[in-house]
Each structure stands twice: as structure tokens, then as C-alpha cells.
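Colleague: Sequence:
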Amino acid sequence: MVSVFQFIMKQSYICALIAMMAWSITYHSWLTFVLLIWSCTLWMIRNRRKYAMISSPFMVVYGNLLLILQYIWSFELPEIKKVPGFLEKKEPGELASKILFTITFWLLLRQHLTEQKALQEKEALLSEIKIGSQENEEKDDEQDIQMEGEAEEKEEEEAKEEKQERRKEEEEEVEEDDDQDIMKVLGNLVVAMFIKYWIYVCGGMFFFVSFEGKIVMYKIIYMVLFLFCVALYQVHYEWWRRILKYFWMSVVIYTMLVLIFIYTYQFENFPGLWQNMTGLKKEKLEDLGLKQFTVAELFTRIFIPTSFLLVCILHLHYFHDRFLELTDLKSIPSKEDSAIYRLAHPEGSLPDLAMMNLTTSLEKPDIRKLAEHGDDKPEGSPEKAELGKDSEEEEEEEEDEEEDEEEEEEGEEETSDLRNKWHLVIDRLTVLFLKFLEYFHKLQVFMWWILELHIIKIVSSYIIWVSVKEKEFEGRELKSNEEGQEKAFGYK
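The sequence shown begins at 1 in the UniProt record's numbering and counts up by one.
It is worth saying that the hints were derived from the structure and are not from the lab.
Some hints could be false.
Unchecked claim - Each pair of labels, with its calculated beta carbon distance range:
no., residue 1, residue 2, range
1, K90, Y439, 47 to 57 Å
2, T114, F270, 37 to 47 Å
3, L451, R322, 16 to 26 Å
4, L432, G93, 48 to 58 Å
5, V201, F293, 25 to 35 Å
Stated by the list, open to error - Below, a list of computed lysine-lysine pairs in the DSS-like style, where the Cα atoms sit at most 27 Å apart:
no., residue 1, residue 2
6, K196, K330
7, K469, K219
8, K184, K442
9, K281, K214
10, K281, K219
11, K442, K330
12, K435, K184
13, K184, K421
14, K10, K196
15, K291, K214
Built from N, CA and C at the ideal position, the CB exists for glycine as well.
Full structure from sequences and hints, please.
Modeller: Now the structure itself:
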């Protein structure tokens, strides 16, 4: 859970940028238009995380300023008047959503401060290590040889303590490594799915933006861009891969312009300004897509281009480069070289460390029994018996020490056995998970194979279905018109 929370906090700048865009499209004004331009600018910058962290204090200040102004303008006082395009009298309940947006700014600022603090502590620790190493070298040169006897006893005690501490640290590191490995596997799986299929989300958004609502000029341009991309893919695959990055950049820039024009056209003075600048009538501007909407319609009209912009930016910045590597025909890996197929089979997987530890722990008592039987010697001459009597006390002391050590080792072995069993369960679950990935990959290949064989039939059937439905609709419309004429003229 700690690793998941740390990952979420590291990606808090994404939540803050999305919150800025959501705030701007939910509450339309010039003050929130600043947030829209701010977020779009940060999305377009290559090192956007760094600049988002730097600008996080200004985000917090600006968000708190908007909250204070909206709180003041929510009072029902005659002295406080409406400022068109900036501040309007609204219910105080709207402050709740704005506070949620501001919380994302605070989280980003907190992450920025924690990273700065960690960097300062790291630099201070490195400087202390350098100074301490120099002082230790000087002290070592000045130390006397007389303290060697006491140092040996201390070293033995410290060695025992260090062994115990190392065992504890190794066990903790193993548990942390297991958690990190599982999170890495899940994270890589999710990222691989997004890399492969996010471009289909982008293509679906083209259709959603183009056909939602009334067809206007800017939606037709979206469809022209999409058809150009598909046609180039069919004509020349390598050219399509080369131009794909510039295609997405042009789509992002065009979507930002559409969003800005629609957003600013909603203010009171802008329709007249556009008519004077372009010389076009109001109807012609509506055909282009510039129209003043109601409050309910405005959210959907701005939300759709904003969501499409976000989808394209995410693909361009996070998935595009890896998608090009995935679609490179010259570097397609074979099935046998895949990590899933290599690790899912026993002959190619890593050795089961938990089983190895269990077998070694079971072999230890057998080795001890053999050693005890090997130490038993036949009785010999009386001289050996006398020597044995003299050394009985020493042997008893050694046996007591060995028994104490054996008891400690047995206690440690019990705890290690329990942990080894838990690691064994994790290893088995990992193998089953890899098996699932293998079968899922085979299912993907099979489904693509079916689509490649029958895609022409599917498209042809869909065209026939659309044509028949269109004909039925025209027939119903003609029938309703005839019935209306009969009722109007009063005959059957």
C-alpha cells in the first residue's frame, strides 16, 4: 500500500492538471479561462512534471483566491454586484467542488516540498559522509596499538549483533522486494495494455467528436484528419509511422484552437466582435461551430473537445514512442523470446527459492545426526581414557554452547520456514498469473486472426444493415406525411 500511495503522489501533477481543466469547463469565466490556458501550456511542455511542481505554489494561491472571491460573491448583499464574465452570484454549495479541485493543488505542493526536503537531506548526508571519512582517516593514524585486546572482544560482540541485524534486514528486504516485484509486474501489464490499445481510444474519440450533435465545419475537419490517417496507413505503412507523431501534434494544436474559440465565443461581446472581424453573419458562424449555448449545453460542448485533447496528449507523451517500437516490423520479437512464455514454463522459469530453502532446512538435522554418529569412537588404550577424563569438562561446556546455538537456530528456522511458505505461495501465484497472461495473449492472437479473415464480411453486413434501416426510416416518414395530408383534407 505504501508503494501504491507513493506512486499516486508522484503522479499528482496529472491530477492537478486535469483538475484545472475540469474547473475551467465547469465554471465558465475569464478567471477560469486562465486555468485552461495554464493547464494546456503545461501539457504541451516536454518536462511538464518539473514545471508543474515549480508552479504548484502559484496554483495554490490562485485557487484560494478564486475560492475567496466566490465566497464573497455568494453573499446576498446589494452592495455586491455581478461582474459580467468574471464573477456572478451563485449558491455557496458550488464551493464544495471547487474545494476538491483546490485539494489537488495542495497535494501537488506537498509532493514538491517533500521532494525538495529529501533532496536537501541527501545532499547533507553526502557532505557528512565526506567529512566523517576524512576525520576517521586522521584518527586511525593517531590510534595506539595498546587497545588491540579490548578491541577484539568488542569486535566479537559487535559481529554477533551485526549478524542478527543483517538477518532481520535481509528478511525485510526480501519482503519489500516481493511487494515491489508484484507492483512492477502489475504496472508493466497495465502500461503494456495502454500502449497497445490507447490508439483505439483516440480513434473512437474522432468519431465521438465528429458525429455528436449537429455537423459543423470544425467537426468535418476532424473527420478529414482521421480519414487521412487511415488512408496513409493503407497506402504506405512506414510513411504512416514516420508522420504519426506530427499528426498527433497537429490534432492537439487544432483541438486547443477549437476549445479556445468555443470557450471565448460564449462571452457577451464576442459574437459581435467575430462578425465585425470576419464579415460573416451569425448563421455562417454557427455553421463553422461558433454558437452561444445555454448553461446545460455549454458543459457538453466544451467537455467533449477537452476530453479529446486530454486523450491525444496522454497518447503523445506517454504511449506514442513505445507504440512505435511495438509496431516496428523489423524488431518484432518471436514468441519464444517473450518474457511471459519464458517464465510461465518450468524449464524456463527462475528457480524456486522458497523450495530450495525448505529442502536445505530439512537436510540440516540429517547432517547433524551423521556428524554425531561419526564422532563416536571405539574405546582404546588407558592413556586415551585418562586424556578423555581430563577433557570431559571442556567437552561439557562445548556441548552446552552447541545446544544453546542449536535452540537459537531452531527458533530462527521455524520463523524462516513460515516466511518461506508465504514466499512459496507468492511464487505459485506469480506462475499462475503468468500462465493467465500466456492464455490471454493466445486469445488476443486468435481474435485478431478471426477479424482479419472476416472483417470484409462484417463491414459489408453493417453497410447493408444501415442501408435497410435508412430505407425503413424514409418509408415511415412518407407514410406519416400521407396520413397527415389525409387528416388535413378530411378523406381516408
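Colleague: With reference to the structure, classify each hint as holding or not holding.
Modeller: Now for the hints, and whether the structure bears them out:
1. K90 with Y439: 47 to 57 Å: Since the Cβ atoms of K90 and Y439 sit about 55 Å apart, the hinted range of 47 to 57 Å holds.
2. T114 with F270: 37 to 47 Å: holds, 43 Å
3. L451 with R322: 16 to 26 Å: Since L451 and R322 have Cβ atoms about 23 Å apart, the given range 16 to 26 Å holds.
4. L432 with G93: 48 to 58 Å: holds, 50 Å
5. V201 with F293: 25 to 35 Å: holds, 26 Å
6. K196 with K330: holds, 17 Å
7. K469 with K219: The given pair, whose Cα atoms are some 24 Å apart, holds under the 27 Å limit.
8. K184 with K442: holds, 23 Å
9. K281 with K214: Since the Cα atoms of K281 and K214 sit roughly 18 Å apart, the hinted pair holds (cutoff 27 Å).
10. K281 with K219: Roughly 20 Å separates the two Cα atoms, so the pair holds.
11. K442 with K330: Measuring from Cα to Cα gives roughly 22 Å; hence the hint holds.
12. K435 with K184: holds, 17 Å
13. K184 with K421: With Cα atoms ~22 Å apart, K184 and K421 stay inside 27 Å; holds.
14. K10 with K196: holds, 24 Å
15. K291 with K214: holds, 11 Å
Checked against the numbered hints above, the structure violates none of them.
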